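We have chain A already, so just place chains B and C on it with the hints.
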Amino acid sequence: MARQFPNQQIEWRLRKEKIAKILMQLSGILITGSLFFIVGTILYKGLPYLSWEMISQAPQGGFYLGKGGGILNAILGSLYLALASTGIATLVGIPISLYLNLYVPKNSFTARSAKLLFDVLFGIPSIVYGAIAFSIMIWLGIRASLLGGIITITLLTIPIVVRTIDELLKTVPIDLTQVTFSLGATRWEAARVVLKYIRPGIFTAILLAFGRAIGDVAGVLLTTGFSDNMPKYIDEPAATLPLAIFFQLSSPIPEVQGRAYASALVLTFIILFIVLCTHLLAAKQKKHKL
Amino acid sequence: MTYRLWVDKLVQFGSAFLLAAKILVVLMIALGLTIKAWPLLQHENLWEILSSSVWSPLKGHFGFLPFILGTIWVTLIALIISVPLCIMASIYLVEFASDRLRKSVLPLMNVLAAIPPVLYGVWGILFVVPIISQYIAPLFGIETTGFSVFAGGIVLAVMIFPILISIMVEVMQTVPQELKDASLSLGATHWETIVSVSLRKAKPGIIAAIVLGISRAIGETIAVLMVCGNVPQIPASWFDAGYPIPALIANNFGEMMSIPMYDAALMFAALLLFVIIFGFNLISRIVLSRLEDHG
Amino acid sequence: MHTLTSSETKETQALIDTAVKPLIQIKDLNVHIEGKQILKNVSLDIPNNSITSIIGPSGCGKTTLLKTLNRLLDDSKEVQVSGSVLVDGDDIYGRDAEVTHIRKKMGLLSQKPFPLPMSIYDNIVYGPRIHGERDKNKLKQIAETQLRNVGLWDEVKDRLHTSATRLSIGQQQRLCLARGLAVQPEIILGDESTSALDPISTQTIENLLIDLKKDYTIVLVTHILRQARRVSDYILFVYQGEVVEFGKTEDILLNPQQELTKQYVKGFIS
Numbered sequence: 001m002a003r004q005f006p007n008q009q010i011e012w013r014l015r016k017e018k019i020a021k022i023l024m025q026l027s028g029i030l031i032t033g034s035l036f037f038i039v040g041t042i043l044y045k046g047l048p049y050l051s052w053e054m055i056s057q058a059p060q061g062g063f064y065l066g067k068g069g070g071i072l073n074a075i076l077g078s079l080y081l082a083l084a085s086t087g088i089a090t091l092v093g094i095p096i097s098l099y100l101n102l103y104v105p106k107n108s109f110t111a112r113s114a115k116l117l118f119d120v121l122f123g124i125p126s127i128v129y130g131a132i133a134f135s136i137m138i139w140l141g142i143r144a145s146l147l148g149g150i151i152t153i154t155l156l157t158i159p160i161v162v163r164t165i166d167e168l169l170k171t172v173p174i175d176l177t178q179v180t181f182s183l184g185a186t187r188w189e190a191a192r193v194v195l196k197y198i199r200p201g202i203f204t205a206i207l208l209a210f211g212r213a214i215g216d217v218a219g220v221l222l223t224t225g226f227s228d229n230m231p232k233y234i235d236e237p238a239a240t241l242p243l244a245i246f247f248q249l250s251s252p253i254p255e256v257q258g259r260a261y262a263s264a265l266v267l268t269f270i271i272l273f274i275v276l277c278t279h280l281l282a283a284k285q286k287k288h289k290l
Numbered sequence: 001m002t003y004r005l006w007v008d009k010l011v012q013f014g015s016a017f018l019l020a021a022k023i024l025v026v027l028m029i030a031l032g033l034t035i036k037a038w039p040l041l042q043h044e045n046l047w048e049i050l051s052s053s054v055w056s057p058l059k060g061h062f063g064f065l066p067f068i069l070g071t072i073w074v075t076l077i078a079l080i081i082s083v084p085l086c087i088m089a090s091i092y093l094v095e096f097a098s099d100r101l102r103k104s105v106l107p108l109m110n111v112l113a114a115i116p117p118v119l120y121g122v123w124g125i126l127f128v129v130p131i132i133s134q135y136i137a138p139l140f141g142i143e144t145t146g147f148s149v150f151a152g153g154i155v156l157a158v159m160i161f162p163i164l165i166s167i168m169v170e171v172m173q174t175v176p177q178e179l180k181d182a183s184l185s186l187g188a189t190h191w192e193t194i195v196s197v198s199l200r201k202a203k204p205g206i207i208a209a210i211v212l213g214i215s216r217a218i219g220e221t222i223a224v225l226m227v228c229g230n231v232p233q234i235p236a237s238w239f240d241a242g243y244p245i246p247a248l249i250a251n252n253f254g255e256m257m258s259i260p261m262y263d264a265a266l267m268f269a270a271l272l273l274f275v276i277i278f279g280f281n282l283i284s285r286i287v288l289s290r291l292e293d294h295g
Numbered sequence: 001m002h003t004l005t006s007s008e009t010k011e012t013q014a015l016i017d018t019a020v021k022p023l024i025q026i027k028d029l030n031v032h033i034e035g036k037q038i039l040k041n042v043s044l045d046i047p048n049n050s051i052t053s054i055i056g057p058s059g060c061g062k063t064t065l066l067k068t069l070n071r072l073l074d075d076s077k078e079v080q081v082s083g084s085v086l087v088d089g090d091d092i093y094g095r096d097a098e099v100t101h102i103r104k105k106m107g108l109l110s111q112k113p114f115p116l117p118m119s120i121y122d123n124i125v126y127g128p129r130i131h132g133e134r135d136k137n138k139l140k141q142i143a144e145t146q147l148r149n150v151g152l153w154d155e156v157k158d159r160l161h162t163s164a165t166r167l168s169i170g171q172q173q174r175l176c177l178a179r180g181l182a183v184q185p186e187i188i189l190g191d192e193s194t195s196a197l198d199p200i201s202t203q204t205i206e207n208l209l210i211d212l213k214k215d216y217t218i219v220l221v222t223h224i225l226r227q228a229r230r231v232s233d234y235i236l237f238v239y240q241g242e243v244v245e246f247g248k249t250e251d252i253l254l255n256p257q258q259e260l261t262k263q264y265v266k267g268f269i270s
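Residue numbers (full-length UniProt numbering), protein chains in the order written: chain A, 1 to 290; chain B, 1 to 295; chain C, 1 to 270.
Bound conformation, chain A alone (with noise of 0.2 Å):
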């Protein structure tokens, strides 16, 4: 017990502490704050040119030279595409997840490797996609339409679909499936209680795919073109939201810059609103497993 340690200088090491600290601290606060920075600067720069005109309807002649009309056309081009792919990105991705969570044993290579994919493609960026989809279309001889955008942004959600399902499937306890089985149930009438029971969070799902389908513009870009017309015709090309903001930000005339301020403050709302669903939902569904 002779031996004794060099002055430990407690102090130094304390305002060390204290430093690292302060220093977490101001991260923490520029990251949080940089959200609201966003959102301030688009509201900030694009509620004095929003108008009620902007948003109920489509370009008049002249429009991107700063004369009358609105966005309605994109709006609604961005809700049917957002809308389709996500419906047709549910349709798939819900049978998909059920499928590697209860057919296929968990810990089995194709459930891993499967869902291994998901993740990886998760990552793989719109512009990709839209490069492959616009090859294949011209391919096929279809040209930049609605449906093109509609098959692109479908592939891009799946992965967001199964993603997310898979992992609210990881919370259903096992007892659940297990006692189903137990009362004689196949594997779908398990899937369709295991269904049931986070039903609050597929809609969360379909919430986040939708809001990266209306916020896509890499994907969109080659494969769904742009119109000023109202979207009609699946095959046409159609506008889009984010589109319509890139195009017009573009533009050096000072009018249709600030309709593009306009523009970017209705995405923003549209994602906010989307947010504010899934937050709620994701309560209810907290609420729900108690």
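These are computed hints drawn from the structure, not numbers from a lab.
Take every hint as true, because none was put in to throw you off.
Chain C side only, calculated, beta carbon under 8 Å to chain B, not exhaustive: (1) His101; (2) Arg103; (3) Lys104; (4) Met106; (5) Lys112; (6) Phe114; (7) Gly127; (8) Ile130; (9) Cys176; (10) Arg179.
Fair warning: this is a prediction, and the values are worked out from it, not measured in the lab.
Each residue gets a CB set at the ideal place from its N, CA and C atoms; glycine is no exception.
What follows is chains B and C alone, placed relative to chain A:
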């Protein structure tokens, strides 16, 4: 009874079919990109394409180096900004913040993740670009429009905050309390425990998060395109314009198709993105799922 | 429920040799976690250079009591501690108590071995390094001494710089003990330290602790009565957050004064 079993089987095969179809689509994407890019690969060898800095499609030269370096520049700048911030913030959330603070900050990260790229681009043009040209660049005595790899890096940094934070928080929460107790009970301060135990234990997960962030940054198209300047040159400083690969595809696809090989060159760019991002994602997801299993 | 009044506590304490000032003195300790009272009015002097086992049914507060001794509970939220714990005569919950110094005085041996994510060598010298020891030769010497102390030296001397997680679980627990000893504590706290181990490793650890008590004051939490009988000099029986009885091992096990202790020792309550 037989009817029920029949339905069960039907669902099983239906789902298996959908899964197979989806996997097939992925294979087709990879295959399609390769086939489409093939003419370019026959025209010039791979090394030439990747290392040449001459981009003059009209003369048939497709050197990708400016684009590759443009991508690397914006990605690195984004990482330099976001990684330290996110590590510090996640440590704070896991180790120091109250439950209430953590529960109110993490959903905000989901909001940040939900904001579409185009809005980040708008923000970049409205805020980041002017700030750089009016305030930051003059500090270094440089004149610039502000449309630069630096602007791209800042926008990307904010875009990858959510993915970095959410994974880092998750990984740090898997460090067992008893392990931290072991270090604390030896007389280490909380901060010393974090540095030499928690961070060390969480290192593979943190790296995986960073790799995921990188692949997100590499693939990001529209936001970067809007603020980067898009000049096919090799950026020499933070304030130079750059031209990342995704922006190249988005700007030119479908427009320059009359130039021979241009189509193949752009497809090659897409293939390059696909391969890099697929690889990065694969590695980090495997690391993360290992961590989860052992966690 | 009948519990010890303070005069009775004094009587019990009087049985213990009080010629030396006890290293750990607990006075009127109350602990609330998330509004629930976990420990009620615990007052106790823990005898030096001996092993004291804390026994009692699960959830009675024994682990909480142990963790209040080195203030590990402070880090969890919503914990309120009142009363005082004197270590070396200083109140560790006092206003100017410095928590890293307090913890340095006590080595903790947890339920499962938790080697730090580094090499065997770095595990041992982690504590000394943190406390400012930079001299490489001294660090080497500390590592060897402590590994010898726990009988691990010959088993690991050729792979000091490999990861500690590759050791067997029994070896890991001895490593954790050595790691704790390397910061020169005066007290060793064990929280069911053998519950994850096989019988042979358990025996090794128990024998080590018996050897170590000549230099250290040892407090163990255990739910195994036989273990308490094998290793401890004193036993503290805790029930629902209160101290029911404290005394020499043979007194508590063979001749308990309290009805509750009697029932617990005979296995009627657990």
